[in-house]
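J.: So the protein lines, in turn, are chains G and F. If you read the first sequence in this note's numbering, its first letter stands for residue 273, the second for the next number, and so on. If you read the second sequence in this note's numbering, its first letter stands for residue 2, the second for the next number, and so on.
It cannot be assumed that every hint is accurate.
Unchecked claim - Chain G is nowhere near these chain F residues, computed Cβ spacing over 12 angstroms in every case:
{"hint": "1", "residue": "Gly-17"}
{"hint": "2", "residue": "Leu-24"}
{"hint": "3", "residue": "Gly-27"}
{"hint": "4", "residue": "Ala-33"}
{"hint": "5", "residue": "Gly-44"}
{"hint": "6", "residue": "Ser-51"}
{"hint": "7", "residue": "Ala-97"}
{"hint": "8", "residue": "Leu-110"}
{"hint": "9", "residue": "Met-185"}
{"hint": "10", "residue": "Ala-296"}
{"hint": "11", "residue": "Asn-354"}
{"hint": "12", "residue": "Lys-399"}
{"hint": "13", "residue": "Pro-412"}
{"hint": "14", "residue": "Phe-429"}
{"hint": "15", "residue": "Tyr-447"}
{"hint": "16", "residue": "Gln-528"}
Claimed, not checked - Computed list of lysine to any residue pairs in SDA-like fashion (alpha-carbon distance at most 25 angstroms, straight line):
{"hint": "17", "chain 1": "F", "residue 1": "Lys-50", "chain 2": "G", "residue 2": "Lys-573"}
{"hint": "18", "chain 1": "F", "residue 1": "Lys-388", "chain 2": "F", "residue 2": "Gln-315"}
{"hint": "19", "chain 1": "F", "residue 1": "Lys-199", "chain 2": "F", "residue 2": "Lys-415"}
{"hint": "20", "chain 1": "G", "residue 1": "Lys-573", "chain 2": "F", "residue 2": "Met-16"}
{"hint": "21", "chain 1": "G", "residue 1": "Lys-573", "chain 2": "F", "residue 2": "Leu-20"}
{"hint": "22", "chain 1": "F", "residue 1": "Lys-237", "chain 2": "F", "residue 2": "Asp-222"}
Hints in this document: simulated from the structure, not taken from any laboratory. Cβ coordinates follow ideal geometry from the N, Cα and C atoms, glycine included.
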Amino acid sequence: MSPIDRRMLYHVNWALVGVMGALFLIGVLNLYSASGVRVGEGVSVEPYYQKQVIWGVIGLFGLVAFMSFDYRRLSAVAWPLYAVTLLLLLAVPFLGKTIYGARRWLDFGLFSFQPSELAKFSVLLLGARILSVEPERLDLKRLAYILGLGLLPTLMIIKQPDLGTGMLVLLLLGGLILYRGIRPWLFRSLCVLVPVLLPLAWFGLKDYQKRRILAFLDPATDPLGSGYHILQSEIAMGSGRIFGKGFMAGTQSQLRFLPEKHTDFAVAVLGEEWGFFGMMVLLTLFCAFLYQIAIVARDAKDPFDSYLAAGVFFYFFWQVLINMGMVLGLMPVVGVPLPFISYGGSATLVNFSLLGLVLNISMRRFLFKSN
Amino acid sequence: MKNLHSGYGQEPPRMGVGLLQFLIFGLFCLFAVRLWYLQIHLGQVFLEKSRNNQLRTEYIFAPRGFLRDRNGELLAVNEPAFVLGLVREDCDDIPATLNKISEWTGIPLERLKDIYARNKPKVKLFEPLTLVPDLDFEHIAKIEGGSLRWPGVEILSRTRRKYIYGHLLSHVLGYVAEANEAEMQADPSLSLGDFVGKQGLENSLDVRLRGTKGRRMIEVDVSGRRLSEELQREPKAGEEVFLSIDLGLQQLGHKVLEGKAGSVVVMDPDTGEIYALVSEPSYDSNTFTTGLSSAQWAELRDNPMHPLQNRATQGVYPPGSVFKLLMAADALHENAIDPKETVQCTGELALGNHVFRCWKKGGHGTVNFQRALVESCDTYFYKLGMKLGVDRISSYAKLAGLGALTGIDLPHEKTGLIPSREWKLKRFGVRWTKGEDLNLAIGQGYTGTTPLQIARLVAALINGGKILKPQLMRGIAPVVQSTLPLTQEHAAILKRAMVATVEDPHGTCRRALTPGVVVGAKTGSAQVVRLTDDLKRMGDSVPYKYRDHAWMAGFGERGNRRFVVVAMVEHGMHGASGAGPVVKAMLNALFLGKKELPPRDVEGAERPAEAAARVGVDAVEPQFPDVSHEPGGAQ
Numbered sequence: 273m274s275p276i277d278r279r280m281l282y283h284v285n286w287a288l289v290g291v292m293g294a295l296f297l298i299g300v301l302n303l304y305s306a307s308g309v310r311v312g313e314g315v316s317v318e319p320y321y322q323k324q325v326i327w328g329v330i331g332l333f334g335l336v337a338f339m340s341f342d343y344r345r346l347s348a349v350a351w352p353l354y355a356v357t358l359l360l361l362l363a364v365p366f367l368g369k370t371i372y373g374a375r376r377w378l379d380f381g382l383f384s385f386q387p388s389e390l391a392k393f394s395v396l397l398l399g400a401r402i403l404s405v406e407p408e409r410l411d412l413k414r415l416a417y418i419l420g421l422g423l424l425p426t427l428m429i430i431k432q433p434d435l436g437t438g439m440l441v442l443l444l445l446g447g448l449i450l451y452r453g454i455r456p457w458l459f460r461s462l463c464v465l466v467p468v469l470l471p472l473a474w475f476g477l478k479d480y481q482k483r484r485i486l487a488f489l490d491p492a493t494d495p496l497g498s499g500y501h502i503l504q505s506e507i508a509m510g511s512g513r514i515f516g517k518g519f520m521a522g523t524q525s526q527l528r529f530l531p532e533k534h535t536d537f538a539v540a541v542l543g544e545e546w547g548f549f550g551m552m553v554l555l556t557l558f559c560a561f562l563y564q565i566a567i568v569a570r571d572a573k574d575p576f577d578s579y580l581a582a583g584v585f586f587y588f589f590w591q592v593l594i595n596m597g598m599v600l601g602l603m604p605v606v607g608v609p610l611p612f613i614s615y616g617g618s619a620t621l622v623n624f625s626l627l628g629l630v631l632n633i634s635m636r637r638f639l640f641k642s643n
Numbered sequence: 002m003k004n005l006h007s008g009y010g011q012e013p014p015r016m017g018v019g020l021l022q023f024l025i026f027g028l029f030c031l032f033a034v035r036l037w038y039l040q041i042h043l044g045q046v047f048l049e050k051s052r053n054n055q056l057r058t059e060y061i062f063a064p065r066g067f068l069r070d071r072n073g074e075l076l077a078v079n080e081p082a083f084v085l086g087l088v089r090e091d092c093d094d095i096p097a098t099l100n101k102i103s104e105w106t107g108i109p110l111e112r113l114k115d116i117y118a119r120n121k122p123k124v125k126l127f128e129p130l131t132l133v134p135d136l137d138f139e140h141i142a143k144i145e146g147g148s149l150r151w152p153g154v155e156i157l158s159r160t161r162r163k164y165i166y167g168h169l170l171s172h173v174l175g176y177v178a179e180a181n182e183a184e185m186q187a188d189p190s191l192s193l194g195d196f197v198g199k200q201g202l203e204n205s206l207d208v209r210l211r212g213t214k215g216r217r218m219i220e221v222d223v224s225g226r227r228l229s230e231e232l233q234r235e236p237k238a239g240e241e242v243f244l245s246i247d248l249g250l251q252q253l254g255h256k257v258l259e260g261k262a263g264s265v266v267v268m269d270p271d272t273g274e275i276y277a278l279v280s281e282p283s284y285d286s287n288t289f290t291t292g293l294s295s296a297q298w299a300e301l302r303d304n305p306m307h308p309l310q311n312r313a314t315q316g317v318y319p320p321g322s323v324f325k326l327l328m329a330a331d332a333l334h335e336n337a338i339d340p341k342e343t344v345q346c347t348g349e350l351a352l353g354n355h356v357f358r359c360w361k362k363g364g365h366g367t368v369n370f371q372r373a374l375v376e377s378c379d380t381y382f383y384k385l386g387m388k389l390g391v392d393r394i395s396s397y398a399k400l401a402g403l404g405a406l407t408g409i410d411l412p413h414e415k416t417g418l419i420p421s422r423e424w425k426l427k428r429f430g431v432r433w434t435k436g437e438d439l440n441l442a443i444g445q446g447y448t449g450t451t452p453l454q455i456a457r458l459v460a461a462l463i464n465g466g467k468i469l470k471p472q473l474m475r476g477i478a479p480v481v482q483s484t485l486p487l488t489q490e491h492a493a494i495l496k497r498a499m500v501a502t503v504e505d506p507h508g509t510c511r512r513a514l515t516p517g518v519v520v521g522a523k524t525g526s527a528q529v530v531r532l533t534d535d536l537k538r539m540g541d542s543v544p545y546k547y548r549d550h551a552w553m554a555g556f557g558e559r560g561n562r563r564f565v566v567v568a569m570v571e572h573g574m575h576g577a578s579g580a581g582p583v584v585k586a587m588l589n590a591l592f593l594g595k596k597e598l599p600p601r602d603v604e605g606a607e608r609p610a611e612a613a614a615r616v617g618v619d620a621v622e623p624q625f626p627d628v629s630h631e632p633g634g635a636q
């Protein structure tokens, strides 16, 4: 079985590639506008969109790379990768460098690297490996075991502090667990217990995290802090109305009222300039994109493939939910970017690579069937 | 790989696939509804909010209207002033910078810190915060030199009100100062740093003088920096106002009262226009526009001579014998006397167990109506007082506008007081006594009047009973507030008596005699304290604060020009000697052009800019004798 077969090219999931390309292009276009800052009568554009394109090209290599090997070998490295991730996370508090008050980066000279990014992938991989061989729906013991494996890196990430990524790791695993399914009685009791126990987590949060949650519940308590972010983001969104203010014409973004407008709040720029119409196009594209991944998970040849695809599904799903929920004022401010729309080099690379994995699964399904 | 392939679940979990599809559906619905709510349902609201973020309205200063005297002489103008501001955003080390500014200007550091803390919340980071409101050239040079090394320190040009004759007209013009919280709340068109009239005409004419501010819309970014602007309304300068005041006459009034406390009012009896409204001592209006230090303010406020008080409208004094004019008019009106009837004055009059004395020891002998006024015989008026009684006197006095505001366009005018039976019962809970009729008749006791009220009374006596609103602006149609019942015949009798008071060899107002001019007048001296025998014995060496106030109220007439002149000198002792020279000087200036003019008052006007103004005033002087009534002032 050769890693690349000419026949495989016929089986590339072009629908998924198309949706992905459309999202990436919209993201670059929007980023061009979001990087614009009004200076007097003119506009100066910071070169974020160029960097994003460059990262996109790099991401394309990642995509091809992840398409070109037999992904089932990944199953074997799931545990070792998990162990390496834990070690790196452990090293961060001692060797990491501090940026903006958070110690998240490991400096390797040529480039900096966030072990928490790796954690997402290794938890996805380990989850897929364990859950795909789980004989039955999970009982309490198995659930505790798997959750415990996820909780370990999660807590280490939250302590960095990086609530967004930590939550994402845990939610990703949680999604996979639900995909596998748990015993009905266990599901019911969790439905009752989690809302009761969740407030206890409050005491483990940092002050700024508590403030963000309070500001979300009542933006007036912190009008200049994160309440301000939510407020300005809602103003940007809402003032776009049906067809928006037009490309490069968003006042909230051009005049810098909108914070973090090329990263976490980039989609608010789109909402301001393209209105409800533009947002519905974007939302539809995201849903189509997620649906294509779900289809791959459904049609996958064997369980491990299916769980891998489902893991990628949750990886994207949670980011879309959390980021857009935050921008639309439905969730507290958490630093989670929107895939393809928010600027971010390593995120682009990871996104493309994971999609490469999904495309890989999608085309080899026919390969195996033809065998 | 085979081991995995032959694992448990050959098929992916069905529940799981359903879950994924459900999640996509939920995601779509949740965000679609939320987007509809924000962008369509509340779209208009948020559009409004985004405009509020983006656009600011800025107001453009409108120059305040100039004030001129009746001959066009400039009295109040606007001139550039330099202030020192601090832009916090550009300043690296605020405490050190404040320290340096203190070193440059000599202003104590504590005071600067205080100003800084007070203004900080009102001023944006990138806007200059005013620390020193008035820089002189010496400081400007010093700061210009050093400001390069002190980022954030800026010298800004502002417009400031300038009173060219700061001391001469402070009680008439008042002054402007920065609007306070309460004023800004009451008038939404005012904003921080705007000047408003606080006193005098500046206050009462504030809206006319202020003009209309221009407006421009500016587009700002999140830090408030302006990106573009659009003029929406041009500023409209305030109105220029010509006062009825004659600068030369006003100046003379101050000169003749110099060193005393008192007031002079010159009024046109036919139009109500005020030619001079003098109150001494005065203050310099300019000290208020630069912001008064608390020490300066305390000095003005606690000065025992009360320079802030406008004695012409706020000084309430017993009118003394000047009140006899009103008594005489009332008696004629009520037909209570026959002018030819005589009364025997022995120098005293007993009522009950109290003896009322005439000012002249030994009495005036036989006096008729005219002689009683000419020689100011108290006995004659005691008897008149008994005859008329408080009710008739006080109601007639009220008809003459006493005890009420004159309505002059100056804030904080006092009403004075005309007592009545009801008033006394209410005020003291005691009934009016017969003896008080006598005191009232000679203008003593509770009675209180302002010099302006007396001027208006004298004007009414010679203009046929018209009680006029005193006008401070030139050329306004006369406003008759009420009419004093006085027949032409009675007016003539009174006028003859007043003229005789000046011309008769025994008249109390001989000092006011002015060649070629018909002058009529009446003196008054108002007791400040009940004279004890001790004080009486001291004669003219009574301590200042116990001395009587001196009054002279009169008029001068030549051809068709006539003026009422009232002078009141606090503790001036005798009407004739205390206030007489003041009236005489004003009449000389009004009719003969004789003015021993002092050098122009340039206090508070130390800059050479005033040289031109000085020439202008000089040029006006010779016009005095020939000046005819201003438009609207015709007889």
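J.: Are the Cα atoms of F:Lys-237 and F:Asp-222 separated by 25 angstroms or less?
T.: Outside the cut-off at roughly 29 angstroms; violated.
J.: Would you check whether the claim that F:Phe-429 is not at the interface survives, using Cβ distances to chain G and the 12 angstroms cut-off?
T.: Answer for F:Phe-429: holds, closest chain G Cβ roughly 60 angstroms.
J.: Hey, G:Lys-573 versus F:Met-16, does the alpha-carbon distance stay inside 25 angstroms?
T.: OK: G:Lys-573 and F:Met-16 at ~17 angstroms, within 25 angstroms.
J.: Verify that the Cβ of F:Ala-296 lies farther than 12 angstroms from every Cβ atom of chain G, and report whether the claim holds or is violated.
T.: 40 angstroms, holds
J.: Just double-check F:Leu-24 for me: nearest Cβ-Cβ distance to chain G has to come out over 12 angstroms.
T.: 6 angstroms, violated
J.: Please confirm whether F:Gly-44 is truly not at the interface, meaning its C-beta sits more than 12 angstroms away from all C-beta atoms of chain G.
T.: Label violated. Min Cβ-Cβ 4 angstroms, cutoff 12 angstroms.
J.: Looking at F:Gln-528 again, its CB stays over 12 angstroms from all of chain G?
T.: Nearest chain G Cβ is 68 angstroms from F:Gln-528, so the label holds.
J.: With 12 angstroms as the threshold, tell me whether F:Ser-51 passes as away from chain G on beta-carbon distances.
T.: 4 angstroms, violated
J.: Does the no-contact call for F:Gly-17 survive, Cβ to all of chain G over 12 angstroms?
T.: 4 angstroms, violated
J.: F:Lys-388 and F:Gln-315: Cα distance at most 25 angstroms?
T.: 32 angstroms, violated
J.: Is it the case that F:Ala-33 keeps its Cβ farther than 12 angstroms from each residue Cβ in chain G?
T.: 6 angstroms, violated
J.: Can we trust that F:Tyr-447 is non-interface, i.e. its beta-carbon lies farther than 12 angstroms from all of chain G?
T.: Non-interface label stands for F:Tyr-447: nearest chain G Cβ at 62 angstroms, farther than 12 angstroms.
Checked against the numbered hints given earlier, this structure breaks hints 1, 2, 3, 4, 5, 6, 17, 18, 22; the rest are met.
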